[in-house]
Every structure is written in structure tokens, then in C-alpha cells.
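2 protein chains.
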Amino acid sequence: MPHLKHCLAALFALFALISTVAKPMTDQLLPVPQSIEKGQGRFRLEATFQVAVEGNPDPRIYSAASRFLRRLDGRSGLFFPQDYVKPTDLADASDLLITVSRPGSVALGEDESYRLVVEKKRIRILAETDLGAMHGLETLLQLLSVDEDGFYFPAVEIEDAPRFAWRGLMIDSARHFMPMDALKRNLDGMAAVKLNVMHWHLTEDQGFRVETKSYPRLHELGSDGMYYTQEQIREIVAYAADRGIRVYPEFDVPGHATAWLVGHPEMASLPGPYEIERGWGIFEPTLDPSKEVVYEILEAVFTEMAALFPDPYFHIGGDEVEGHHWEQSETVQRFMEENGLADKHALQAHFNQRILKILTKLEKRMIGWDEILHPEMPTNIVIHSWRGRESMVAAAKDGYQSILSNGYYIDLMQPASEHYLNDPLPKDVDLSEAERERVLGGEATMWSEHVTPETVDSRIWPRTAAIAERLWSSAEVDDVRDMYRRLDTIALQLEELGLAHLKNRDMMMRRLARGYDYSALEALADVVEPLKIYRRNADLSYRSFSPYTLLPDVATADARDALRFRFLVEDYLANPSERRQQAISKQLRRWAKNHDAFEALARKAPAIREALPISQALSDLAGLALAAMEREDPFVWDETTEALFEAARQPVAKVELQVVQPIEALLRSLEQ
Amino acid sequence: MPHLKHCLAALFALFALISTVAKPMTDQLLPVPQSIEKGQGRFRLEATFQVAVEGNPDPRIYSAASRFLRRLDGRSGLFFPQDYVKPTDLADASDLLITVSRPGSVALGEDESYRLVVEKKRIRILAETDLGAMHGLETLLQLLSVDEDGFYFPAVEIEDAPRFAWRGLMIDSARHFMPMDALKRNLDGMAAVKLNVMHWHLTEDQGFRVETKSYPRLHELGSDGMYYTQEQIREIVAYAADRGIRVYPEFDVPGHATAWLVGHPEMASLPGPYEIERGWGIFEPTLDPSKEVVYEILEAVFTEMAALFPDPYFHIGGDEVEGHHWEQSETVQRFMEENGLADKHALQAHFNQRILKILTKLEKRMIGWDEILHPEMPTNIVIHSWRGRESMVAAAKDGYQSILSNGYYIDLMQPASEHYLNDPLPKDVDLSEAERERVLGGEATMWSEHVTPETVDSRIWPRTAAIAERLWSSAEVDDVRDMYRRLDTIALQLEELGLAHLKNRDMMMRRLARGYDYSALEALADVVEPLKIYRRNADLSYRSFSPYTLLPDVATADARDALRFRFLVEDYLANPSERRQQAISKQLRRWAKNHDAFEALARKAPAIREALPISQALSDLAGLALAAMEREDPFVWDETTEALFEAARQPVAKVELQVVQPIEALLRSLEQ
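So the sequence lines, in the order shown, correspond to chains A and B.
For the first sequence, counting from 1, position 219 maps to 335 in our numbering; every step adds exactly one.
For the second sequence, counting from 1, position 235 maps to 351 in our numbering; every step adds exactly one.
Treat the hints as calculated values from the structure; they're not laboratory data.
A couple of the hints might just be wrong.
Any copy will do: because identical chains look the same in the list, a pair fits if it lies in one copy or spans two.
What the hints assert, rightly or not - Here are the computed lysine to aspartate or glutamate pairs in the DMTMM-like style, where the Cα-Cα straight-line distance is at most 25 Å: (1) K300 x E612; (2) K154 x E408; (3) K202 x D435; (4) K720 x D544; (5) K473 x E787; (6) K202 x E565; (7) K720 x D598; (8) K513 x E612; (9) K702 x E438.
Pulled out of the complex, with its shape left as it was, chain A reads as follows:
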């Protein structure tokens, strides 16, 4: 039966990916460095391995080097002599010497370059700043290789630096609260793939997630008790800075703000009372731009927050303001008339200008979703493009800096390849050199409607590594198959940081299967994906407290076996071989008989019964294809076939089958 370890092994074998005993790991680097020159020989990793740092670094490099040592001994099992890497460690005694010219500043545009030289007897990392040196340590860990004598690093010389300065992940702690440990392990994952900014979405209709001392009713009444204390905010900011990662907050106003209004209904455009929103979607409650109390509270809160987040950027959201409550409010309407504000856009721009004054006083630079772009706004704000690349291009032409998230919405459960090929600055983009420089980079966005602390890692990883590579590596690095090959390796390495993208999946299947053998469930989970884009909740069945513990939550984007099978069929059709044909038949045979086992399991595990029709559809299609392959005469696409495909295309239990297209391609090829 398919199972993670077997599947991984199969994947590796199939693509001939992972380094074998004789193969060094230079081809496993992710993101791909700007320049790699392979050398001769091997640096042998021994139990005497020692690290030293020289130069003038920020002390964070010592923690980073110590963490590096622990990950290296965790993998290799070697008992190194060093407890911590310390300033007193001697360069002469070191096997790995890290040389840093000056302390790095965890700020946009800081030098992050590094040079990594592995020679037979010595490894050196040279960098202007400790931020670059930390990237070098991650690259070195990815190089760890194995041969008959044990672990080694292949001789190599790498020169590396990022293509974009802003390489981010947005985490939405508001819709589903994300506990501290979830944030920390994801910060570690970010550092491992050289991302350097966490955008923290802290308020929403569904929750106000940070302690405020000036207006404590905001978090006390707006969070169900699930908020970060100010000490915890500082802890996350420090944890991230230790890994070279900036953290900046988003306080989404004037829409997406119901949670503010639970404790402070006087901020609303219409009288309350308001309750924490439990559903998903765009909601009406909106701050009232005509009321001074709104700015008083915002100024007090933002002043507190500005002190917690040292980063100069401050996100005000600004998206999806539909303005219905503004239309219904007489005072708002009067205010618009009195101030000559023609429409809701003008009113929002007016609001934003007031906010801008507050932020400017706090020495913060405003960033907001592309709706904040308005001729009245000065060009020192940053446009965060989510609705389309066009707004990013328009912003750059108008003199605004911008970052791209359109195409990086990882909550939509699209394949990594989609995100990977989404270049912020494709060759053919119609921008001058100066305009191109205004495009700072991009951010993956982990909106959390359908994401819980249990599943968030499997939504972020490994796909976000593909986005990290797009933002770090050269635009020419764009081989999708090669990206997927390396994604499998990085997925395993990310586990050592505590990320639960693989292990929670097993746990969730054990729960669903109530301790019974879950092979049949896993076989199905490996070929279905959660409904994509916004289709999962088209029937509005989900609320914030719904069980996200079912098949669509076990399933991930890039369903493992479906992806593998698609590549296999593509290769077979392009270049048929006996071996490939057998591999296809073997897989089809497994699927064809899986439904019986699934049905038997479902009798004991009611929570998977809803998925019976899609399990049936998988077995039916596989059986059909198997029979067609075994027949001598051409396949005839008849009504029965059509009916089976029709059934297989239906979403069931909030998932859809991902092998319909390759099986169809296979059958079409058998028609002649």
C-alpha cells in the first residue's frame, strides 16, 4: 500500500533525485545560488568538527552557528566537542571559519550576500554581514552528503546574493489564531529557505490578536482570549531578528475590522452592538472616518504597536472596503458632503491620509493593499499588490514602491509550479530600469480561513520554498520538474526545525481511521486536493470553529501520488518504454483495488464515509485505464467512459481528484 516512506522512496527512485552514496548534494540547493563552482575532493565531517567566527559580527551569529552545529550533529549523530560557538573560539582551531565584516542590520536592503568555500581541509564562509553568513550556514547544511565513509561536504565555491530584497511570508493570526510555537517553527523554516520578512496579520473581523494597554477592551472582548501579549510580540520580533528576519504588523482598517468594534462600537459607522465574526467572507462593519474617536483610538494603538515593532514598515490593510455601512450612515454621508468627498474611494483616501499623519509622526512608512493607491496619496507609501500584477505595474509607473502577493496566495491550494513561475519582474514587463527598482519583491500569504495550527505547516510547506526561490534566485532558474525534485528534499530537512507538515498528516489520518490501518485513506489522500481558489467554502458551510480535521485537511496542494503519476504519464506519452508502462500499470492496479479497502475502513471510521464516492471514482477510473492498457485493440471512449469521468470530476467531501487529466491523456493515447 502506498505510504509516506514508500512514496518518498518511490519519488526519489522515479526521478533519481536524492544524492546517492556517491553523489554530492550540490544539485539539491534551494534556493539555487547565483553561482556554483564545483571543486575537487571532499571535506570529511568528523566528530572533532569545530566552528569559529572572526571579524566584527552581530552576536546573533554565535546563536546561529550554535544552532547550525546542533542540526549538523542531529543529522549526523556525531558528538561534537562544542557546546556553543563563542567569541573566544579560536579561528586557527576551526574547521569552519565564518568571517564577517560588520554587524548586519535587520532592515530592508541590508547586504545579505555570502561566499562559501568548501575545501578538503577547511570550510570558510565570508560575508559582509552576519545576515549573509547565516544564509551561508543554511546553504552549507543543504550540502551535507554521504558516501561509504560517512558524511562529507563536497568541495565547492559558491557566490550568492538575493535577487529581491523583500522576500516574505504573511501569516494570518487573526482568522485562526496561531500559537507562539507555530510562529517560531515557521520563522525557522523561513530562514532555512532565505526568506527575510514576516508580515503579521493581527486584526480581522474574526479577531483582534494583540494586547493593547491603552484600549484593553480591544483584545479582551475581541479575541476569545486568544491574543499575543506585548511580551510575546517582543519575543517573536527578537526570535525573528536572531534569524535575520524582519517582522512588521498589519492592522487592517477601515474594513475587516469587526473585532475592533466588539469592545469599541463607538468606532463603527453604524450603531452596534457587534460580535466577533464566526463566518468567512467580506463583512459590512466598517470604521467611521468621520469620527475623531476613531483616530484617537488608532493613534493610541498604533503608538503602542510602533514601539513593539522596530521595523519602519507598518501595514494598514485597506482592502475590500465595500462601504455599505457608510452609505447607510447619515453622519458619514453628511461628512462626505461637507468635505467634498465624491465617493467611497475618496472617503477611504481621506481616512488613509489621516492614518498617514499618525504613522509619519511615529516614523513609520505606510504599506497597504492595492486599494490604498489613490492619486491623493504621496509616493512614499508602499503598495502591496494582491488583486493583480497590473496594480503593481501601475504603482511602479506612478512612482510607488511595491511588493507582489498576487500569484503567491498559498491559501488557495494551487500547485507550487503556479507560484514558482510567477515572476514579480518577468523579462517582458513594460517598466523602465528605475521603475523596475521600485518592485521590492513579494510575499506568500497564508490566509487562515481554512487553516488551523494543526494544518498550517502543510499549507505553507514545502510550497513556500518554491516562492522563496523565485524571490532569491536568478529569473533563469525556472525548471518546474527540477524545483519539485528539490522540494522533496527540502521538505524532509524542514522537519528538523519542528515543522509538522509531514508528521501532522499522519497523525490526522490516525485520528480519522481511529487507530485502524489507514493505508487506504492515505492512498486516496495522496491523489486528491482540497477545493482550490474560493470553492471550498462556496456553500458557506465553514465557520471559524468548524472541524478542520477531515480529508480536505489531510490533503495538500501538489498531491504526492497525483503529481508523480502525471509526470510519469507525460514521460511515457512523450517517450514510451516498457519500464514506464509497468510503473503506470502498477499504480493503476493499486488504485483499482483501493476502494474495497477504503470501504472496509469507512465502516469502522465514520468520519471518512463522506469520501466514499470519490474513492469509488478513483478505483473506477483506474480499473478502466488498466483494462484499456491490457487490451490489444484501440480504446473506445463511450458513454460509460464519459459517465465515469463525469463522476470523477465531481468535488466530493470538499476535495477533488487530481488524476483525471493524466488518466484521460492515457486513454486518449490508446484510442488510435
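Start from chain A and add chain B according to the hints.
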């Protein structure tokens, strides 16, 4: 190949344990309630399920009932209408009605009893306090059953209350620091098996783990930056109280105190400087009882800590004071002479009396390891027995209250059965009724020399559930096989609380196997156990920063397949059957051929190469037994046999094989 899901399934099948579609879960309860009366019919769990609370509870019951709902929908996949259980929810509309007479106090001796009545149309939990009601909710979750129509609760009437009032788990955050999330998920695990006190070991030679405002050098220099802030301490205390669990701290003095001396060498018996200890063992540095500064600092620190921990008990350690530094200190020797203190015991008693004064002023009751028992100490202290049951009995006779940890040292990697049969008050104990009442209960102790955040859950669970049952259930509940049967079920349920005892094991094997198929590694890991008692570090090879990521860390006590095989052989020898014989042969055949696969994996995975000899030994023994079973004539125990057994008994790579005894028994049976 053996694998978790298959093995669990096999276990279930073998013991015919888990509820089948037709079987309710009343026989899965752990701890076993004091009284169960099975009723007629089933309460059908529907998506309309609602909970209400009536009476006069502490508000914590609403959080507990809401968490109950989320675990119930997480398992069942049903979309319940309630976001949170609230005081406004109407009893009449409820399917589960919780009735509580008064707010419970999270304090020793509080009423924890409950009555749970499941009828066809209604479930009721009735309890004097919300603490009892929360126990009832855990019992109800364990009752969740399945039939062809879905999930249900079997009709039943349960009356329940604990046998002992003090049912604890000690967590050692000092030797290896345990992060907040590790503590929280283990508190959830404790609540699930009705444990009610966490003893928090916060200082050691290896670390001073709590922020102190009066003497900040203690945590700043004594912790490598790994300490709990006072806000975090409060967070843990509140999290535990919300689950009905007391938390009290241990500050181990005057020994086990090196970490205090790094920042404050003036407290030491001999001049410093001192460094944080990296090794494991009993160390010389000791506080100097003759110096007033020692009491000044202790009073300031204890005063801060007394405010953080509302529980009246306060543990001062007091164990393993060897006194060598006292012997070497002239001032200490002079002090002893001047005060007529005959020996180190008298000196420690003098020290303890000074501490007692401080604690008494702080309204705390002193508790300490059995070394603090001394004729000069008053009987209002509590003796924590670790060296042997005798000291507990002696303490009770002398008028002291006591708790037992001897026999509950889960760090020693002994089987659950050992702990399970260790009754604090066996029938034949020579104590009067009044003396017996002084025995308050017991605590499992998770000393963390060889335990990291990655492995701690698999060291605590599921074995600690067996101890929890010993402390809660009647002394008559003592069937070891039945305990193991239920332990498998509870192990799965504990996963839903985030506990990583199962999933981290898989992750660690993936890391060791570098992504290759790890079946052969798992087959070995399922029959070996880490070296027990104090043998693992007999060669002093481990230090605090050593890699705890290898085979002995993947392996657990009660090695799954070994335990299963032992029971199988026992049953077979007692009552031979064709079916049992075949099961034995099948298992032996797998082991016999496992070494080839293990060897192939080891070529690609150097970190497991050290274990090659024990893998070889397993295959050799299994091959020998297999051949003997297949032969017609009696087995002859010759020198070759002896040599193979000799090899199989050798510890290798810090583990030892657990199937030697049953295979020997099998072969001995074939000698006739």
C-alpha cells in the same frame, strides 16, 4: 514490513482490543472508574449536539466544555452549532448537561468526584465541583464509539472519584530546557488521564530556568538564555489551573545548584568561578550554609517565586548532597564546630531549618526529597520519597505526610508494567489507618538528562497513563495485559492534544534514513529499548548538547513488537495453537530477513551504522528460532546457539534487544 499503522492494527487484532463496529468503548476507559454500570441503548451523536452548564461552577468549566466540543468534532467531523459553551446556553436545549454545585479550588484534597449518566436521549455530568466535571468530560470522550450508523455514546452510569489526592508528573526543565508548548501539551495529556499536579523542577547544575528580578544574574548567567519569564510562569500556572492541575516549583538546594553559582559564586562553599555544568551526574558545587548571603538571596528569590505559584507547596529538593566541598571549606568546618553540627546531615538539617523559616513566612509548606527527613525537622513538611518505599513508610510512621516517586522514575525507561504494579499503599504495608492517610499519592518523574523537547513526549506517554491509573483507580485494578491493551488506545487519543510521542518518532526515523524507506530501521526500533536505569551514560559519553537523535532516542520503553511478541510466545507456550505458531513464524521470518534491508539502508544512512551488530543479532536469533520451529527433531542448545545469544544480549549503540528472552523460552520449549 512492520510499520506503525500496521503494527497498531496488528496489536489491536492480536489482543482483539479495540471496539469494533458493534462494541462500545466502556472497556477502554483509562483510568478505570470506581464504578461502571452498563445500560441499554445508545446516545446517537448528531450534528445538532449541544452542551450546557448549570449550577454554580468556576468559569473554567466553559473553556473545558468548549475544548471538549472541539475534540469531539475533531474526531467525528460533525459540524456542531456551538462556537463556545457559555453561561447563557440553556439547559433545556442541551444534549449534554453539566451540573456543578460550587467552584472547585485547584488545591490538594478538593472534591474531584463526578457522576456520568449516558441515556438514549440525554447525557448528564453531575459533580460537586467543576474539577470533577472536567474529569467526567474526559471519561465521556473516551466512551465515544462507532457503529454502522456513525458515532454514539453507550448508555452507562459511572460513579467516580480518585483513590489518591496527589497524582503528579514532575517535569525537569533544568537539565534540558522544555519550551512552553511542550509543557502545555503535556498538561493537556495529564488532564486527559486525570493527573492533577505538575511538579516543576526549575534549577539544576545545568540550568537556572526562571527569570528573577531581585537577582537577575541567576537566570542571565545560569541558563544559556533558556529560561521562563515570570509572565510565562504565570501563563503555565493559569493554563494548568484551567485544567484543574496544581503547579508547584522545585528549587533544588543546597546541592544540584551549580547554575546558581555562575552568577553568584559568593553563595558557594568554595571559591569560584563556576560554569554551567554540561555533563550528567552528581556534582560537587554546593551552597554554603554558613553564609548569610545565601539566605538573603534564597529569601529574595523564594519571595518572588511564592508570588508566582499560588499553590501552598514548595519543593526545596535537598537530594544527593555529598558534602565534599563542605569538607574542603574551612569556614564551613568552623561553622559546624561552633554550632555543634556533628556531620553533613546535621548541617543540611540546619540549612533546611533556615529555609523552613523563610517558607513559613511566605505561607508555603516545604516539600523535599527524602534526604530532608531528619529528627530536627517538624512534621508539617512533606517527604517526597525517591530512594525507596521504606523512607515513605518511615515518614508516615514518624507523622510526616509523603508522596511516592520511587518506582515512578519514567526516565529509567522501564516498562509501564513496573510502574503500574508499584502501589503506594499495597495491602500488606505495615501502617495504621492514620498513617496510611499520610500517604498522599505519587508522582511520575521525567528527569531530562537524556530527554529533549523532541523526545520528551515519547518518554512520558503512554507510560505515565499507567501511573495515572495506579493513583486514581482502585488497587484491585491490576491486570497488566489489560492495562497494555488500553494504553494503545489512549496513546492514539493523546495525539489529538498535540503530543508528539508517535509522530516525532516517524520524523526522527525519516531524518536518520535521510528520506529513504525506513522500514528496516523501524523494524529494529520496534524491538530494542534504550539502556535502562543508569546504564545509558555509564561511559559518560553524553553531555547536555549531545545529539539525542539516534536509535536509542527513537526507541522507547515497551518496544512495540517486542512486547507483542512476548505476549504471543507466552500464550503459545501456555496454550499452543496452529494460529499462534503461524503468527510466531511470520514475525520471525520478517526479523530473519530484516538485516539485509537494514544493511542496505545503513550504506546510505551513516547515522544508523553503529547499530549494525544488533540488527545482525536480531536476524541471527530469528533465523535460528525459525529453523528450530521448522525442524521435526528436538532443538539442541549448542555452543553456536550460546554464542548467538551472547551476542544478542550485548548492548549496542546504547540500546538492547528485547526479544532475547521470549526467543530463548521458545527454543527451550523445543528442546524436548
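A quick look at each hint next to the structure:
In this assembly of identical chains, the alpha carbons of K300 and E612 lie at most 25 Å apart whether taken from the same copy (13 Å) or from different copies (21 Å). Taking the shortest Cα distances, K154 and E408 never come within 25 Å of each other, neither inside one copy (64 Å) nor across copies (65 Å). In the homo-oligomer, the alpha carbons of K202 and D435 never lie at most 25 Å apart, since the shortest distance is 47 Å inside one protomer and 33 Å across protomers. For the identical chains of this complex, K720 and D544 are neighbours neither inside a copy (56 Å) nor across copies (45 Å), given an alpha-carbon limit of 25 Å.
In the homo-oligomer, the alpha carbons of K473 and E787 never lie at most 25 Å apart, since the shortest distance is 68 Å inside one protomer and 93 Å across protomers. In this assembly of identical chains, the alpha carbons of K202 and E565 lie at most 25 Å apart only when taken from different copies (24 Å versus 44 Å within one copy). In this assembly of identical chains, K720 and D598 lie within 25 Å of each other by CA distance solely across copies; the values are 22 Å between and 41 Å within a copy. For the homomeric pair K513 and E612, neither the shortest alpha-carbon distance inside one copy (44 Å) nor that between copies (52 Å) is at most 25 Å.
Proximity of K702 and E438 under a CA criterion of 25 Å is satisfied in neither setting, with 54 Å inside one chain copy and 68 Å between copies.
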